[in-house]
Amino acid sequence: MEGLGRLMKTYTYTEKKDTRSGFGAGLAELGRTNPNVVALCADLIGSLKMEKFIEENPERFFQIGIAEANMMGIAAGLTIGGKIPFTGTFANFSTGRVYDQIRQSIAYSDKNVKICASHAGLTLGEDGATHQILEDIGLMKMLPGMTVINTCDYNQTKAATIAIAAHHGPVYLRFGRPVVPIFTPEDQKFEIGKAVMLTEGTDVTIVATGHLVWEALEASKVLFEKGITAEVINIHTIKPLDEEAILKSVAKTGCIVTAEEHNYLGGLGESVARVLALNNPTPQEFVATNDTFGESGTPAQLMDKYGLNSAAIVEKALNVIKRK
Amino acid sequence: MPNTKHLEDLTIQVRRDILRMVHKVNSGHPGGSLGCTEFLVSLYNEIMERKEGFDMDGIGEDLFFLSNGHISPVFYSVISRAGYFPVEELNTFRLLNSRLQGHPTTHEGLPGVRIASGSLGQGMSVALGAAQAKKLNGDKHLVYTLHGDGELQEGQNWEAIMYAAAKKVDNIISTIDLNGQQIDGSTDEVLPMGSIKAKFEAFGWVVVEIEEGNNIDAILKGMAEAKSKTGKGKPVCVLLKTIMGHGVDFMMYTHAWHGKAPNDEQLAKGLAQNPETLGDY
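Chains as they are written, first to last, in the working numbering: chain C, 1 to 324; chain D, 1001 to 1281.
Bound-form chain C, shown alone (with noise of 0.2 Å):
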């Protein structure tokens, strides 16, 4: 590993905290520094981690109760009048459950809501796939004008939380439940649409997203002992995606390997795809759901089940780069 540190950044982590805890924190900042931001929640107070944001501007807290249609449209109201609202509630009932007011109240009509979305994907765990939502990204993409964020670990879901409030727009901001490893720095600059090099490599580059970027860091490791160097890079925006880091590094290393808690279909790897099929067609494989719903499960035996761990990084990495 002597060898493996001088020819390649690594990552270490000390602790592990959940995503969801990040927004806690983001939230709680921005009540102090902007006095426009107010929350709403649907009965989940806890599992957003808003309860920070609450015990110091109940004024601005909103309980909507266990009617999600209409916290996204009091959201969209309470921008006319100047706030900033931020909604919080699990990715299913942030965006299934309520797609056509989020189309029609928030996106179509412009409001400047920040959705915020927890227990994303399969690491919901042990509830099961009623509450496992995989499209999430994809209904969010699709709406014109909406911004989708899906954010790696806790410093970076705080960070994103804190920029979402200075960008003028509908934001979907994207993270879960389980904690992992803190990776990325305290002190980041989080720039909407503006990817992460973590790794250099020449052989393959890895673009990963949420809980998948520290699998695809371990993926590099494992990588980097069979003499392969992989250049990961963090797309924490799915939407605007940051084409040219992509173009960029698949000029260099000529394939690529897309990795997300969603499905294949909607989701950051058919982005990519399009990316580059119109500009530099490159030989890609995908880490991700394969048209499926979840299950009951915890987190780790879930994402293991499904192929989302660096193990399939590898393997996809290791495919790819005999298609070149």
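These aren't lab readings, by the way, just hints derived from the structure by calculation. Wrong hints could be hidden among the right ones.
[As the list claims (entries may be wrong)] Straight-line Cα separation of at most 20 Å, EDC-like style, residue types lysine to aspartate or glutamate; simulated pairs: (1) Lys1167(D) to Glu59(C); (2) Lys1234(D) to Glu59(C); (3) Lys1135(D) to Glu56(C); (4) Lys1167(D) to Asp110(C); (5) Lys1221(D) to Glu1008(D); (6) Lys52(C) to Glu29(C); (7) Lys1135(D) to Glu29(C).
Take the given structure of chain C and dock chain D to it, following the hints.
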């Protein structure tokens, strides 16, 4: 005393606008539009406190949200004649590249519109958010809404109705256009809703009934009563009994003209019943 003569003249002129707009493009919704003409004319010209010009936030003025967006013809005519955009622009209703889309939207930047509507049942939630923003801003002005009665079949309304009372949103006056008609027939045929008054009251709203919803004096009186009940801890509902197609005899008392435009002959007949008052666009 309000100048009801002017409101009467404006009502007739707006009826003409509605008929001409939907006739020109052979599409649109004249029935509900005609039924709500007296109400919207009164609201914009006598009841609401409005600032000059238009800004999205609407701080320091009353706001209106149209939830049943398909009655866009009456909405566009009333807001253009209230000064939000040139009346000539009514000529572009439903045409390509127009700001006057089939259903109202903010997307094309039409002044006077604050939310897209058309997919039913969403307007009350939006209005509640705007009403709560007014409270946060210390703005004492009111938020008005209009909904179809058939629209109340959408479940989101009842989430909003429950919320409004629970959170004491008492700076909103939501009017229900009780014309008893929807696309497939009368509301009683399609999905009987029982007593809408009892439902609102059971949900904790104050209800004001306007029996003659096409009579300007009755509207002004009823809305004044509704306004007097705001600020007392409860949201206020106005049940406005209207006649769909009001003012054009062959369009009245039927759902047939919900979403159908008159032909040339029917247009001529409708216009003859509503002679020009303030000038056609």
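message = So if I understand the rule, the pair passes when the alpha-carbon distance is 20 Å or less; does Lys1167(D) with Asp110(C) pass?
response = 26 Å, violated
ask   = Is the straight-line distance between the alpha-carbon of Lys1167(D) and that of Glu59(C) 20 Å or less?
value = Answer holds: Lys1167(D) to Glu59(C) is near 12 Å, not above 20 Å.
ask   = Between Lys52(C) and Glu29(C), does the CA-CA distance stay at or below 20 Å?
value = 9 Å, holds
task = Mind checking the alpha carbons of Lys1135(D) and Glu29(C) for me, to see if they're no more than 20 Å apart?
result = Status violated; Cα separation ~23 Å.
message = Checking one constraint from the list: CA of Lys1234(D) to CA of Glu59(C), max 20 Å. Satisfied?
response = Given pair Lys1234(D), Glu59(C) holds - Cα atoms ~19 Å apart, limit 20 Å.
ask   = Would the pair Lys1221(D) and Glu1008(D) pass a check requiring their Cα atoms to be no farther apart than 20 Å?
value = Status holds; Cα separation ~15 Å.
task = Decide if the proposed pair is consistent with the structure: Lys1135(D) and Glu56(C), CA atoms, cutoff 20 Å inclusive.
result = 19 Å, holds
When each numbered hint is compared with the structure, violations occur for hints 4, 7.
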